[in-house]
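As they're listed, the protein sequences go chains A and B.
Residue numbers for the first sequence follow the working numbering, beginning at 1 and rising by one.
Residue numbers for the second sequence follow the working numbering, beginning at 349 and rising by one.
No lab work stands behind these hints, which were simulated from the structure alone.
Note that the structure is a prediction, hence the values are computed from the model and not measured.
Glycine residues also receive a C-beta, built at the ideal position from the N, C-alpha and C atoms.
Check the hints yourself; a few may be wrong.
[To be verified] Quick list of the computed label-pair ranges, beta carbon to beta carbon:
1) B:Val499 to A:Pro321: 49 to 59 Å
2) B:Met468 to A:Glu99: 20 to 30 Å
3) B:Arg510 to A:Val56: 46 to 56 Å
4) A:Ile97 to B:Ala371: 22 to 32 Å
5) A:Arg100 to B:Thr479: 46 to 56 Å
6) A:Pro55 to B:Asp373: 32 to 42 Å
7) A:Arg81 to B:Arg508: 51 to 61 Å
8) A:Pro55 to B:Arg442: 42 to 52 Å
9) A:Ile97 to B:Arg505: 45 to 55 Å
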Amino acid sequence: MTMFDYGPSSKSRDSGYMPNRGYTPNRGSMPVRSSIPPLGLMAMLLAATIAMFLPVSQAAALKGTAARLFLPGQRQFARARDWTLHQVELLSSARGISERQSLLAEELRRLKSRNCELEAAFALSRLEHDAPPPDGIPLLLAELVPARVLGRQARVFLQRTDLIDRGGNSGLFTGDLAIAGGGALKDEMPQIDQGADGALAVDDLALAGRRVWGRLSEVGPRTASVRRMTDVGFREVAQVAHWDNARWRATARGVLEGTGEPLARMRMVATTEPVSVGDYVLATSVDGAVSAPLIYGCVARVERGAGKTHWDIWIEPAVGPDEPGIVSVLRLSLNPKRAGALDAKEMR
Amino acid sequence: MMKLFLVPAVYVAVVLDTSLGSALDVGLAAPDMLAVVALIWSLTIAPVRGYLVTGVVGFVSDLVSPGRLGADMACYAMVGYLLSLLHTRFGSRRPLVSALWAWPAAAILVMGPAMVRRVMGEVDIHWVALTVRGLSSATYTAAMTLPAVCVAVWINRMRRRRQWV
Chain A
1 MTMFDYGPSS KSRDSGYMPN RGYTPNRGSM PVRSSIPPLG LMAMLLAATI AMFLPVSQAA
61 ALKGTAARLF LPGQRQFARA RDWTLHQVEL LSSARGISER QSLLAEELRR LKSRNCELEA
121 AFALSRLEHD APPPDGIPLL LAELVPARVL GRQARVFLQR TDLIDRGGNS GLFTGDLAIA
181 GGGALKDEMP QIDQGADGAL AVDDLALAGR RVWGRLSEVG PRTASVRRMT DVGFREVAQV
241 AHWDNARWRA TARGVLEGTG EPLARMRMVA TTEPVSVGDY VLATSVDGAV SAPLIYGCVA
301 RVERGAGKTH WDIWIEPAVG PDEPGIVSVL RLSLNPKRAG ALDAKEMR
Chain B
349 MMKLFLVPAV YVAVVLDTSL GSALDVGLAA PDMLAVVALI WSLTIAPVRG YLVTGVVGFV
409 SDLVSPGRLG ADMACYAMVG YLLSLLHTRF GSRRPLVSAL WAWPAAAILV MGPAMVRRVM
469 GEVDIHWVAL TVRGLSSATY TAAMTLPAVC VAVWINRMRR RRQWV
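For reference, chain A alone in the conformation it holds in the complex:
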């Protein structure tokens, strides 16, 4: 018997009994308390005392039984802990793989840039080793000027240092006022870190290897803006050609136009000319100075409108939408040997 003995009447609702809480006292009539602890507690303490003085062997047997009882749970727990640690390890290794992947991506980007440089150098060496014209000395020399494409932050920095990418080619003179604003088109066009100080000029081609990325539209003292072949306002005569038996076979010429879309457009190619998807579009503006073909891109789509006499040709640029890190600007100059010979003739 406990010292709190609730009678049957105390379990009624009126007397304060609450379901699931049989211990709740009746405030109106407190249970009778005895100074003697309840029998259950006494029995429990007695059992504890007996257990305390159990012989060691019997206590050890009891503990051994308990240990065997809890052993499966401990094994399961150890297994779960190992599994969790393994998962954490996998997670951390996955993070490591991700970091390594980003490092490799960076390395790939660097190698691609390097590859572009090497392609440009190779193209240059081919230009140098090309067969000379009949008189033995070419009139024009092509030179590749490497330049880095400036990112947005670099452009902002240059703007902060009050450098503008306009120069004498734009009709500017010392003392002219610089007015802020109106640079939306300039912001859209990528810029490179070479300008008039690198002897670059407007309309020089910007190359990524042998692929044409665009044309210089503005040349400042230290920087230049590049109008990509897909930008609005880009117009250039180009030639359709296909690669056949390790030789270029030119088919038709037309006008390449940037549309502001991912694909450029080629017009003025008569429907009598054979054009097919996959044909290459080559630059013609440097013919005579460069013997190796410079590629604008490939024909992606060819259509002919009803009653039209010209193809509608869409060109996929050879340089993708991502800006190349490093480009080469093709700069033409007079061959000094020819100039020297001319001077010598005049002297004679």
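Once you've looked at the hints, dock chain B against the given chain A.
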């Protein structure tokens, strides 16, 4: 229904106590999972004679502790009895009140057996160190009890309200 969870809870507590080692220790304080279970039981769902069950939990604690049997059993039974006495006297199982009772109860559960074993010469530790360690462990144990006590009290209230409705 909640009483049915006591057996697996005790089992899990023993497994955690014997498998975790010092993983959950904070400084000198180490939680006593069986004490946590016993406290939650006593503070929330134990009936009038719940101290008998608490004593059994104490006996389980004896079985997985080094030294003689009985010390934990006696301390757990007494704590269970005292808590049921307090509940009866004050008639409340509010979370705040339970929180106030949890710390001294945890102190008895943690320090009582340790003191008994110190008196019987089973452990050789200075009384001051024992007291500091016991009090910090009791604080830790009581703190671990609180969230479960709050949830259990809330569940009990919901059930009671539903029954009366």
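Verification of the hints:
Hint check: Val499 of chain B to Pro321 of chain A, Cβ distance near 56 Å, so the stated range 49 to 59 Å holds. Distance hint check: the CB atoms of Met468 of chain B and Glu99 of chain A are about 58 Å apart, inconsistent with the given range 20 to 30 Å. At roughly 52 Å, the beta-carbon separation of Arg510 of chain B and Val56 of chain A lies within the given 46 to 56 Å, and the hint holds. Range check, Ile97 of chain A to Ala371 of chain B: Cβ separation about 28 Å, and the 22 to 32 Å hint holds.
Our hint of 46 to 56 Å for Arg100 of chain A and Thr479 of chain B holds, since their Cβ atoms are close to 53 Å apart. For the hinted restraint 32 to 42 Å between Pro55 of chain A and Asp373 of chain B, the CB-CB distance of approximately 34 Å keeps it satisfied. Take Arg81 of chain A and Arg508 of chain B: their Cβ atoms lie about 39 Å apart, and the range 51 to 61 Å is violated. As the Cβ distance of Pro55 of chain A to Arg442 of chain B is approximately 46 Å, the hint placing it in 42 to 52 Å holds.
Under the hint 45 to 55 Å, the C-beta atoms of Ile97 of chain A and Arg505 of chain B, about 50 Å apart, fit the expected range.
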